[in-house]
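Chain by chain, the residues:
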Amino acid sequence: EPEVTQTPSHQVTQMGQEVILRCVPISNHLYFYWYRQILGQKVEFLVSFYNNEISEKSEIFDDQFSVERPDGSNFTLKIRSTKLEDSAMYFCASSFQGQGNEQFFGPGTRLTVL
Amino acid sequence: GESVGLHLPTLSVQEGDNSIINCAYSNSASDYFIWYKQESGKGPQFIIDIRSNMDKRQGQRVTVLLNKTVKHLSLQIAATQPGDSAVYFCAETQTGANNLFFGTGTRLTVIP
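Those sequence lines, one after another, are chains A and B. Numbers 30 to 143, taken from our numbering, label the letters of the first sequence in order. Numbers 334 to 445, taken from our numbering, label the letters of the second sequence in order.
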């Protein structure tokens with residue numbers, strides 16, 4: 030069964046450093062998403078991406094964040110200058126259709142900012 | 334520093350019993366709802382969904398009920414098994430939107 034994959038599973042970085050989290054969505058999916066989950070809290074939407082551009086983003090997704098689909102298979106989330114409060118699980122998701130259709134989640138990347 | 338997290342509602346059931354997990358959603362314009370299961374250290378896993386033109390939908394051992402009048406969603410798990418132990422989230426969205434809004438979650442513990 031196809032699944033969303035994410036690398037790395039755990040990333041440790043120093044405050045102020047840039048990180049890139051990587052995702053490979055399900056191959057025939059057209060919509061891609063990033064969510065985060067701070068330890069013990071609910072899953073929060075960050076951004077959705079379709080047709081090589083951001084279609085929607087939350088207040089969390091400020092200028093420090095960016096997303097890219099550098100090739101036909103990868104979808105990345107970059108945090109330019111990490112802060113302590115960026116420590117969280119980051120989940121990538123994809124869906125074949127957007128606008129209220131099932132999203133499939135990856136296993137997540139645990140980001141720890143020291 | 335101390336991290337402050339949400340205190341998750343918890344539900345403990347005996348193996349073989351039925352479980353009912355409830356969720357109050359926030360946006361009356363939401364028209365698509367999903368229940369996700371999240372096991373420790375893993376991403377949310379789709380369980381079942383329902384659109385607002387329905388009030389009940391059944392899957393394998395699971396049933397979702399939707400009450401739009403009071404903005405309430407429930408997930409019923411029949412014959413609960415130890416493998417059902419996880420945190421369960423409801424999520425809502427609406428046609429035209431690309432994001433999902435997750436609820437706070439309920440931790441289900443199945444006692445063998």
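Source of the hints: derived by calculation from the structure; they are not laboratory data. Just to be clear, a hint being listed does not mean it is correct.
[Claimed, not checked] Restraint ranges, calculated between C-beta atoms of paired labels, are given here:
no.: 1; chain 1: A; residue 1: G45; chain 2: B; residue 2: E348; range: 37 to 43 Å
no.: 2; chain 1: B; residue 1: T428; chain 2: A; residue 2: V41; range: 37 to 43 Å
no.: 3; chain 1: B; residue 1: T343; chain 2: A; residue 2: E88; range: 47 to 53 Å
[Stated by the list, open to error] With the Cβ distance kept under 10 Å, some of the chain A side facing chain B (calculated, not the full set):
no.: 4; residue: V33
no.: 5; residue: M44
no.: 6; residue: G45
no.: 7; residue: S77
no.: 8; residue: Y79
no.: 9; residue: S84
no.: 10; residue: F94
no.: 11; residue: G101
no.: 12; residue: K112
no.: 13; residue: F125
no.: 14; residue: N130
no.: 15; residue: Q132
no.: 16; residue: P136
[Stated by the list, open to error] Distance condition first, Cα-Cα at most 30 Å in a straight line; then the derived BS3-like pairs of lysine-lysine:
no.: 17; chain 1: B; residue 1: K389; chain 2: A; residue 2: K112
no.: 18; chain 1: B; residue 1: K401; chain 2: A; residue 2: K86
no.: 19; chain 1: B; residue 1: K404; chain 2: B; residue 2: K389
no.: 20; chain 1: B; residue 1: K401; chain 2: A; residue 2: K107
no.: 21; chain 1: A; residue 1: K112; chain 2: B; residue 2: K401
no.: 22; chain 1: A; residue 1: K107; chain 2: B; residue 2: K404
no.: 23; chain 1: A; residue 1: K112; chain 2: B; residue 2: K404
no.: 24; chain 1: A; residue 1: K107; chain 2: B; residue 2: K389
Remember, it's a predicted structure, so these values are computed and weren't measured experimentally. Beta carbons: idealized from backbone N, C-alpha and C, even for Gly.
To see whether the hints hold, each was checked on the structure:
1. A:G45 to B:E348: 37 to 43 Å: Since A:G45 and B:E348 have Cβ atoms about 49 Å apart, the given range 37 to 43 Å is violated.
2. B:T428 to A:V41: 37 to 43 Å: With Cβ atoms ~40 Å apart, the hint holds.
3. B:T343 to A:E88: 47 to 53 Å: 30 Å, violated
4. V33: This interface hint holds because 8 Å falls under the 10 Å limit.
5. M44: 14 Å, violated
6. G45: Given a least distance of 18 Å, the restraint on A:G45 is violated.
7. S77: Constraint on A:S77 satisfied, holds at 4 Å.
8. Y79: 7 Å, holds
9. S84: 5 Å, holds
10. F94: 15 Å, violated
11. G101: 21 Å, violated
12. K112: A:K112 check fails; min Cβ-Cβ to chain B is 13 Å, beyond 10 Å.
13. F125: Since the shortest Cβ distance to chain B is 13 Å, the answer is violated.
14. N130: Result: holds, 8 Å to nearest chain B Cβ.
15. Q132: OK, holds: A:Q132 within 10 Å of chain B, min 6 Å.
16. P136: Constraint on A:P136 satisfied, holds at 5 Å.
17. B:K389 to A:K112: Measuring from Cα to Cα gives roughly 44 Å; hence the hint is violated.
18. B:K401 to A:K86: 27 Å, holds
19. B:K404 to B:K389: 14 Å, holds
20. B:K401 to A:K107: 39 Å, violated
21. A:K112 to B:K401: 40 Å, violated
22. A:K107 to B:K404: Not OK: A:K107 and B:K404 at ~36 Å, beyond 30 Å, violated.
23. A:K112 to B:K404: 37 Å, violated
24. A:K107 to B:K389: 40 Å, violated
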